[in-house]
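Novice: Now for the letters of each chain:
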Amino acid sequence: MRKLLFFIFLFIIPANSFALITVDITRGNLNPLPIAVSPISSNDKTNSELEKVLKIKDLGSEISKIVENNLKATGLFNPLNKDAFLQEPDISHVKPRFEDWSLIKAQALITGKVELNETKLRVEFRLWDVLAGKEILALAFTTVPKNWRRIGHIITDKVYERLTGEKGYFDTRIIYVAEEGPKTKRIKKLAIMDQDGFNTKYLTLGNELVLTPRFNPTNQMVTYLSYFKNLPRVYLLDIETGIQEVVGDFPGMTFAPRFSPNGKKIIMSFAKDGNSDIYTMDLENRIVEKITNHPAIDTSPSYSPDGKFVTFNSDRSGYQQIYVMKSDGSKVRRISFGKGLYGTPVWSPRGDLIAFTKLHKGKFYIGVMRTDGKGERLLTENYYQEAPSWSPNGRVLIFYRETKSDDKGEGHSTTLWSIDLTGYNERMVKTETDASDPSWSSLLSN
Amino acid sequence: MILSKLYKNIFLVTLLSLILTACATQKKVAGPELQGDVYTGTDTVKYLADGVPDRVFFATNESILTTRSRETLRKQAAWLRKNSDVNVVIEGHADERGTREYNLALGERRANAAKDYLMTYGISSNRISVISYGKERPVDSGSNPLSWSKNRRSVTVKAN
Chain A
61 MRKLLFFIFL FIIPANSFAL ITVDITRGNL NPLPIAVSPI SSNDKTNSEL
111 EKVLKIKDLG SEISKIVENN LKATGLFNPL NKDAFLQEPD ISHVKPRFED
161 WSLIKAQALI TGKVELNETK LRVEFRLWDV LAGKEILALA FTTVPKNWRR
211 IGHIITDKVY ERLTGEKGYF DTRIIYVAEE GPKTKRIKKL AIMDQDGFNT
261 KYLTLGNELV LTPRFNPTNQ MVTYLSYFKN LPRVYLLDIE TGIQEVVGDF
311 PGMTFAPRFS PNGKKIIMSF AKDGNSDIYT MDLENRIVEK ITNHPAIDTS
361 PSYSPDGKFV TFNSDRSGYQ QIYVMKSDGS KVRRISFGKG LYGTPVWSPR
411 GDLIAFTKLH KGKFYIGVMR TDGKGERLLT ENYYQEAPSW SPNGRVLIFY
461 RETKSDDKGE GHSTTLWSID LTGYNERMVK TETDASDPSW SSLLSN
Chain B
119 MILSKLYKNI FLVTLLSLIL TACATQKKVA GPELQGDVYT GTDTVKYLAD
169 GVPDRVFFAT NESILTTRSR ETLRKQAAWL RKNSDVNVVI EGHADERGTR
219 EYNLALGERR ANAAKDYLMT YGISSNRISV ISYGKERPVD SGSNPLSWSK
269 NRRSVTVKAN
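One line per chain: the protein sequences are A and B, in this order. The opening position of the first sequence corresponds to residue 61 in our numbering, with each subsequent residue numbered one higher. The opening position of the second sequence corresponds to residue 119 in our numbering, with each subsequent residue numbered one higher.
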């Protein structure tokens, strides 16, 4: 993960000050912006050298494909078919003939160039406003060649930010639980992948049951539940070194862990004598604090981004509902009052919304409400789905779905899905195996 | 010819209604395995000893012990008193129709309901440990009310 720091950002030309094309992401976009992603150009010498190092024939084209797929997956952009492009990639990058691009209805154009400097990969790109005939963004990145996919993601982040006015979520990873085998003996492993489903790595072997992994704010650590030695406890895993340790010394099951926004504490449930309460443990001084004290089940805690409040799930009213309290455990109040049961509240990184799972009349919903419980909005309905996790910009939710088994117990699967906060653009997130419990990282580079 | 066609039709209708009745009775056979939505059958049940069932079943979202469950647990307690060298683990489970984290807590609550009952019948708490599996280890992998009822359970397992 330290390799993140390898990136050097160079502003070639400062971005133009007056706003030209913009994309509105606050509502479902029925007219995605037509954008031309010209293959990133490179000369034959660079190509043959890169092919030796990476075993990839035309790296520039591959990087632009990543950008194209990312943009398409947002539902906000419509990357145009390359067959219709009239101008050569290398010439477009220097001086696009805007008439040619507007002829194919492109409103924005992305061009670029790949070079190999000694052993470092250098990629520059430019974003052009076709109608205004202007360059509106130009950047270059240098990194080790094996980080090439991340360059595609970073370019997408910069384009998305320039055109929507909000940070992107492409140079990110998803940690999740990879699943296989029959339901009664499911094997579960921690897995991590890029946001677009590439570079999957398995972090545990599947010898013990693992559940609910979550990143810390710097994405270097993960907290999760492991049944190691048949003792369900919250663990901490350093992704880079692979070192794992138990969090605290609790005489019973600890579960439902998450990091505090500054990464210094873990908040979780501890179950004892049939009662689950919420606790925190400070990772530096190991001090444990009991936050809730109630004979009902209190679980699924999640901090507000400023760390001042915690939302959690409790059945103190008789059924599962969502509550908010101050982070010291005071001023507890129920915020969910709609019909049905509510679980897995998770605070938006923007601070204004809480996403949740709702069960009503045998159907499961992913929804959002304001932090006072008002303005409940259900985004998607399904046979089974739960555990939303926010994209770092708070615009997209990832969650998992489970399909019904037949009466023989077969035909069951678990998959990851994402949906925009608008309720539009629902799509399956591809994974190598069945998958559940996704958690979205923050932006890796910034 | 017309008459024979009519007879044929009557025969078919009779046959069809017989099949339908048969189906209806077959459905009724499955009925008594549920009381409310608590499983009362013996399909998945194992035995700690002759006549000592290893598990009790719960209603959706509940951890209350039914009359039948208490009867099972009294049998377990009697058997444990006779076999004082045996320690047990009580595993608490939930069905798949609930959020994962809440179900972990619910499984723990169910296992403890069984543990508490064994304790009131004289079994020392240091002979009983509990573990919750939430919805992670169903015994029946079907997605229907009967399968779910078999999975809402706490199971007493010999630990040594």
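Just so you know, these hints were derived from the structure itself, not from any lab. Do not take every clue at face value.
With a straight-line Cα cutoff of 25 angstroms, these simulated SDA-like cross-link-like pairs (lysine to any residue) come out [said to hold, decoys possible]:
#: 1; chain 1: A; residue 1: K468; chain 2: B; residue 2: P150
#: 2; chain 1: A; residue 1: K332; chain 2: B; residue 2: P150
#: 3; chain 1: A; residue 1: K245; chain 2: B; residue 2: S242
#: 4; chain 1: A; residue 1: K249; chain 2: A; residue 2: M488
Residues from chain A that keep clear of chain B, each with C-beta distances beyond 12 angstroms, as calculated [said to hold, decoys possible]:
#: 5; residue: L140
#: 6; residue: L269
#: 7; residue: L291
#: 8; residue: D375
#: 9; residue: Q380
#: 10; residue: K464
#: 11; residue: G483
Every residue, glycine too, gets a C-beta built ideally from N, C-alpha and C.
Novice: Checking each numbered hint in turn, tell me which of them this model violates, lowest number first.
Specialist: 2, 3, 6, 7, 8, 9, 10
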